[in-house]
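> Quick note, the sequences are listed as chains A and B, same order. When we follow our numbering, the leftmost residue of the first sequence carries the number 1, and every step to the right adds one. When we follow our numbering, the leftmost residue of the second sequence carries the number 1, and every step to the right adds one.
Don't read these hints as lab results, they were simulated from the structure. Note that beta-carbon positions come from the ideal geometry of N, C-alpha and C, so glycine has one too. Keep in mind that a hint or two might mislead.
As the list claims (entries may be wrong) - Stretches of chain B that chain A covers, calculated by requiring three or more beta carbons in the stretch to come under 8 angstroms of a beta carbon on chain A:
hint, segment
1, 179–185
2, 189–199
3, 348–354
Stated by the list, open to error - Non-contacting residues of chain B with respect to chain A, defined by C-beta distances greater than 12 angstroms in every case (computed):
hint, residue
4, Arg302
5, Glu327
6, Lys414
7, Gln455
Claimed, not checked - Residues on chain B that point at chain A, a partial pick, calculated with CB under 8 angstroms:
hint, residue
8, Phe47
9, Pro49
10, Gly165
11, Arg300
12, Ser324
Residue strings, one per chain:
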Amino acid sequence: MMMRRGGGDSYDAVIVGGGIGGLIAAAYLARGKARVLLLEAGDRFGGRAETLEFADGFHAPLMSHVAYALDGRAMRELRLAEHGLEFAQTNMQFAALGPGGKHFVLPGPGLRGSATLAAEAGDYATFRQKAMGFARLLRPLWDGRLADPGIENRDDALAAIVRGLQLGLRKSEGFEILLRLSAAAFLDGWLESDMLKAALSFDVFPSGLSPHEAGSALVLMWRFAQESCGRQGAVSQIRGGPGALARALEAAARQAGAELRPSSHVSAIIVEGRRAKGVTLTEGETIPAAMVLSSLDSQDTFALVEPVSIGFATGTRGRAPRRTASAQVLFALKGAPPFAGLTSEHFGARLVIAGRPEIASEARGTALNGGVSSELAMEVTIPTAADPALAPAGCHVLSALVPYMPAAVAGGWEVPRMMLHRQVLATLEEFAPGLRNRLLACRVIAPGDEDARGSACDSASCTGRLLASYEARIRTPIAGLYMCGRSAEPVSAISGRAGRLAANLAAMGDHRMGALL
Amino acid sequence: MDHFDVAVIGAGPEGLIAAIVLARTGLRVVLLEKASAPGGRAASQEFHPGFRASVYADELPDIPNRLYRSLDLARHGAILEPSPASVCISNGGASVLFVDDARLAHSLPAAALPGILALRREVETLRLAIEARAALPSHAPRRRWFGSVRKSVGAVPWPAGGWAGASLDEVLGAHIADPQLRLHLAADAVSGRAVSPFLAGTALHALAPGGGRSGLAPGGLGRLAIALARAAESAGVVMRCASEVSDIHVERGRATTLSVSGQGPVAAAAIVSALDLKRTFLGLLRWDAMPVPLAGRIGRFRVAGQRARVLFALDRPPAIPVLSTIEDAAAGAIHVAESMQALSVAHDIWRAGAVPSDPLVTLRVPSFADPRFAPIGKAVMTATLSPIPTRLFDGGWTHERRAKLAARALAAAKRVMPDIEALVLAHRIIAGPDIETALGATDGDCDGGELAPDQVLGFRPFHDAQWQDGRTPVSGLYLGGASSAASPFLLGVSGERAALAVAADFAAGGLR
Numbered sequence: 001m002m003m004r005r006g007g008g009d010s011y012d013a014v015i016v017g018g019g020i021g022g023l024i025a026a027a028y029l030a031r032g033k034a035r036v037l038l039l040e041a042g043d044r045f046g047g048r049a050e051t052l053e054f055a056d057g058f059h060a061p062l063m064s065h066v067a068y069a070l071d072g073r074a075m076r077e078l079r080l081a082e083h084g085l086e087f088a089q090t091n092m093q094f095a096a097l098g099p100g101g102k103h104f105v106l107p108g109p110g111l112r113g114s115a116t117l118a119a120e121a122g123d124y125a126t127f128r129q130k131a132m133g134f135a136r137l138l139r140p141l142w143d144g145r146l147a148d149p150g151i152e153n154r155d156d157a158l159a160a161i162v163r164g165l166q167l168g169l170r171k172s173e174g175f176e177i178l179l180r181l182s183a184a185a186f187l188d189g190w191l192e193s194d195m196l197k198a199a200l201s202f203d204v205f206p207s208g209l210s211p212h213e214a215g216s217a218l219v220l221m222w223r224f225a226q227e228s229c230g231r232q233g234a235v236s237q238i239r240g241g242p243g244a245l246a247r248a249l250e251a252a253a254r255q256a257g258a259e260l261r262p263s264s265h266v267s268a269i270i271v272e273g274r275r276a277k278g279v280t281l282t283e284g285e286t287i288p289a290a291m292v293l294s295s296l297d298s299q300d301t302f303a304l305v306e307p308v309s310i311g312f313a314t315g316t317r318g319r320a321p322r323r324t325a326s327a328q329v330l331f332a333l334k335g336a337p338p339f340a341g342l343t344s345e346h347f348g349a350r351l352v353i354a355g356r357p358e359i360a361s362e363a364r365g366t367a368l369n370g371g372v373s374s375e376l377a378m379e380v381t382i383p384t385a386a387d388p389a390l391a392p393a394g395c396h397v398l399s400a401l402v403p404y405m406p407a408a409v410a411g412g413w414e415v416p417r418m419m420l421h422r423q424v425l426a427t428l429e430e431f432a433p434g435l436r437n438r439l440l441a442c443r444v445i446a447p448g449d450e451d452a453r454g455s456a457c458d459s460a461s462c463t464g465r466l467l468a469s470y471e472a473r474i475r476t477p478i479a480g481l482y483m484c485g486r487s488a489e490p491v492s493a494i495s496g497r498a499g500r501l502a503a504n505l506a507a508m509g510d511h512r513m514g515a516l517l
Numbered sequence: 001m002d003h004f005d006v007a008v009i010g011a012g013p014e015g016l017i018a019a020i021v022l023a024r025t026g027l028r029v030v031l032l033e034k035a036s037a038p039g040g041r042a043a044s045q046e047f048h049p050g051f052r053a054s055v056y057a058d059e060l061p062d063i064p065n066r067l068y069r070s071l072d073l074a075r076h077g078a079i080l081e082p083s084p085a086s087v088c089i090s091n092g093g094a095s096v097l098f099v100d101d102a103r104l105a106h107s108l109p110a111a112a113l114p115g116i117l118a119l120r121r122e123v124e125t126l127r128l129a130i131e132a133r134a135a136l137p138s139h140a141p142r143r144r145w146f147g148s149v150r151k152s153v154g155a156v157p158w159p160a161g162g163w164a165g166a167s168l169d170e171v172l173g174a175h176i177a178d179p180q181l182r183l184h185l186a187a188d189a190v191s192g193r194a195v196s197p198f199l200a201g202t203a204l205h206a207l208a209p210g211g212g213r214s215g216l217a218p219g220g221l222g223r224l225a226i227a228l229a230r231a232a233e234s235a236g237v238v239m240r241c242a243s244e245v246s247d248i249h250v251e252r253g254r255a256t257t258l259s260v261s262g263q264g265p266v267a268a269a270a271i272v273s274a275l276d277l278k279r280t281f282l283g284l285l286r287w288d289a290m291p292v293p294l295a296g297r298i299g300r301f302r303v304a305g306q307r308a309r310v311l312f313a314l315d316r317p318p319a320i321p322v323l324s325t326i327e328d329a330a331a332g333a334i335h336v337a338e339s340m341q342a343l344s345v346a347h348d349i350w351r352a353g354a355v356p357s358d359p360l361v362t363l364r365v366p367s368f369a370d371p372r373f374a375p376i377g378k379a380v381m382t383a384t385l386s387p388i389p390t391r392l393f394d395g396g397w398t399h400e401r402r403a404k405l406a407a408r409a410l411a412a413a414k415r416v417m418p419d420i421e422a423l424v425l426a427h428r429i430i431a432g433p434d435i436e437t438a439l440g441a442t443d444g445d446c447d448g449g450e451l452a453p454d455q456v457l458g459f460r461p462f463h464d465a466q467w468q469d470g471r472t473p474v475s476g477l478y479l480g481g482a483s484s485a486a487s488p489f490l491l492g493v494s495g496e497r498a499a500l501a502v503a504a505d506f507a508a509g510g511l512r
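Only chain A is shown next, with the shape it has when bound in the complex:
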């Protein structure tokens, strides 16, 4: 990168928000010898990546209890391992829990478990092979390599065809169908068992779509592609929880020379002549900068800009309310959870309780109406199985992630929170009889909570977002203002890829225009 340190109070880049994307962008820009200032409103860096001490001595990853979309290149290039990033386990097993201890345990490409049928094993192997084949073809869409075809924000036939050509798909029909297919219909083509289909289709939840909705097959492909365009064996658990990732990134950014300032609340982004010129803090301080990167989501970012300067279309697009979110229920246990039919070697797996594929759609339908469904699909992990330091000796932490919750409920979260706790516990008790007796503490993180901020999902125009290039999501109508947080990712997940690409794009853009200095 071709930047030089400017003199005086001016920065080359100001980054608003100290989320993972912001930290990575700061580290990259600072490595390129730019003068970088990162402003975080809170007193802690990492944004959504946080490890929470929810009971005395019990720590748990907040919301993102597994990492599946991490940008391997950023981890490598920023030498995060040297800054203390360690994985408690990679290539996590996947188990679909069924009633009566009849589980499917899927360790990567194979299949075994107490209910394994020869036919299912064969079907699953073929399915996985095909799905990975598709995912490999589509991978350039999501690893930042694909150029901007100039058809952004369109999810129509034309966009699909252009994308198909760009990816060099010879059988573009398959691709076009994939765009409109639901995950349930896609899985129906390969598998018989409802339980397995339901568990596999659970992975579409980060997009906010239910597995019966159009476009959710593409989300499933995105998940599969993460295994090959992120870290190999992408579903992993960070030692010390996501908070450790934030600490490592913070250290890397500081070492690269970025200035990180906590407790600095940005009140406005200064725009002059459709170009970002710096930011203003709540205390009134003005910080001029050649460019501004934001790791907030687009809604919050555009709220900092004067509406006139972004144009009506962008302004209104950002304003659609998010209607579904995820909740998390954390349990502190004395001793191991008594899951029937699972041995302790499976405790490190992702345990998905999904029942029938319809449960997810029903939950989403109910959530959109502001209610909590009576049957819930959930993903359970036991972080302490691979990372015992998270809890006192002999104790365990159990984290249940419940997607498809309403983002807001009428009358507050007090009652739904209690119901949610009771419901999750009852569901878990079915699979782990006696769990209740080992409970030491419990914490419900409902979508309305301060801790759950940012768990909301955006399902609007999901296909369009998945088809757009990173460049289109990173750039804004304002020159010199870039998105580097989750708004620039195809699906909301802790990834950091947008941070790396935004930093590159910002540096290159300014070099091209010669606007810097």
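Since the structure of chain A is provided, determine the placement of chain B on it from the hints.
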């Protein structure tokens, strides 16, 4: 054995139109119908002495004007009149939406009008685009020595734009703020089908028929069926009713002969099936006549029964107090819905194979539009309940369950017509299995398959080049029914396109 150029299976509107188009090109066409009279989905029947009604639907999709004129339907007596308005009664109140923009402007609060007009214009534009695409000529496949079929224009997926991924609620919410009007428009869009308005991909339902747009024939849809049958006769189609096709025989990869139960076999150079995809391939073809993956693929085409109907014979036309000042609105659809949420909950219950307690009930009193449905002074009312599953999770459609459906329809009717219970002389209940038996529609699905973005428009039934324009992987067999392209949105187009494909293949010498 009788020999014909083309045999068309099924004398519903699509089959009749396919037969007319083929006969007009000079081919010898036989039309085979299972029932004793032509009509299929459009059939009207006397369900109680003196009382007639359209049995399976009150409304079908639009016939494109082009087709209506070329078939000369007006001369044969099918005059379609759009119903003037639709009405929606819900927990939140009542609303009337006129089809005519001027009357709409007069009856609605000024704030709501621009949104509805904008939505109507958007829907109209998309429908025109679909219609234009459906009118593109069909190409004969150019057979190369290695047997590949040239991709027709149809290989490009049809226009659906951002609508393919949006939910109905999103699309309506973008234009309309008032929840009652939003529910009304949603009810117009989903009546008769199983849809949760919140799920992505459901916006397409706003393009499907509903709300009286496509028009009711005075005399019922039966009149349309009769007009089509007359047109077929005058075009020289050989019509054989009470002839149920039991098998399509395939010899060396080519469909050649039909077995007709109780009659001799019929040989034809080309066979057009106006039945749905599953019925045609899994019901009439021997499974070993096609490759296993093809059978599997067809098996995964999603088809499901979504509605039940109750026909009521009434002693006199019912009084509708909410519509006392706008009498002509009563001739259109009257939706009784609880709320958007209830639609979504009903859909979940339907998916689980149970009968929802609050289905969407759409009432129509055809007697208001045309008194000839019933003896003088009496009236006919139809109720369409949706979503109602064809296969119940806990057994069959027993007498008690059917009676419950009628009670639900009556309870809904009571909300708008307080005196209705005293007026009912007789009723007839048509549940999914009845539709399946009478029409041969798989699972009692009159639409020939779920209206999901991966199963409509250019994707119907499948997107591959070998399925375009009604052609199928079995040579000599064409699909022209509700499962093939454009059929959920336009009536007659899939029959017409299959017929044109047959004609083009005859001209190219591929079928002689």
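> Which numbered conditions among the earlier hints are violated in the structure presented, ordered from lowest to highest?
Per hint list: 1, 4, 7, 8, 9 and 12 violated.
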